[in-house]
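My numbering numbers the first residue of the sequence shown as 1 and each following residue consecutively.
Keep in mind that the hints were calculated from the coordinates and are not lab data. Misleading hints may appear alongside valid ones.
Calculated pairs, BS3-like style, for lysine-lysine (alpha carbon to alpha carbon, straight line, at most 30 Å) [stated by the list, open to error]:
(1) 95 x 31
(2) 118 x 90
(3) 118 x 13
(4) 13 x 31
(5) 118 x 95
Estimated spans, in silico, between C-beta atoms of each pair [to be verified]:
(6) 24 x 134: 18 to 26 Å
(7) 30 x 107: 36 to 44 Å
(8) 107 x 10: 36 to 44 Å
(9) 13 x 138: 28 to 36 Å
(10) 69 x 3: 18 to 26 Å
(11) 3 x 94: 33 to 41 Å
As the structure is a prediction and not an experimental result, all values here were calculated from the model. Backbone N, C-alpha and C define an ideal beta-carbon position, used for all residues, glycine too.
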Amino acid sequence: MEPALISCPACGKTNRVPAQAAGRPRCGSCKAGLPWIVAAGDADFAAVAEQSPVPVLVDFWAAWCGPCRMVSPVLDTLARERPGRIKLVKVDVDKSPALSRRFDVQAIPTLMVIVDGKVVARQAGAAPANVLRSWLDGALSGTRR
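Let the hints inform the model, and build the full structure from the sequences given.
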């Protein structure tokens, strides 16, 4: 698991953020919360997503998928708006067939919210930013269980 390089939204310093960690990522310079955006696959999904100390937004995607490419920047923005409060985990379905089968991914993009190792919300297909923001906020507030 390679650490992600994330720019601090507060001071701009580049930080190495591990895919798997026990706490919430903070900037090494100014201590502000950092967006947590990482990739995971069949081998490390349990450690990266299901054992996360913060809620996880999982994006099942593929490089060849047009709707996935449209949704990806929106998901990055949602993660950046919630530094230290959520982890965005991107799963390439072509490289992670076991996860795709396990979660019965039939269409991409498929999005899931995992809290304490359990899927609490799921959505398939691309949606506008305001719809995704509302869906994520609802899932995080516990209204969609």
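So, going through the hints one by one against the coordinates:
no.	hint	verdict
1	95 x 31	violated, 35 Å
2	118 x 90	holds, 17 Å
3	118 x 13	violated, 33 Å
4	13 x 31	holds, 11 Å
5	118 x 95	holds, 23 Å
6	24 x 134: 18 to 26 Å	holds, 24 Å
7	30 x 107: 36 to 44 Å	holds, 41 Å
8	107 x 10: 36 to 44 Å	holds, 37 Å
9	13 x 138: 28 to 36 Å	holds, 33 Å
10	69 x 3: 18 to 26 Å	holds, 24 Å
11	3 x 94: 33 to 41 Å	violated, 23 Å
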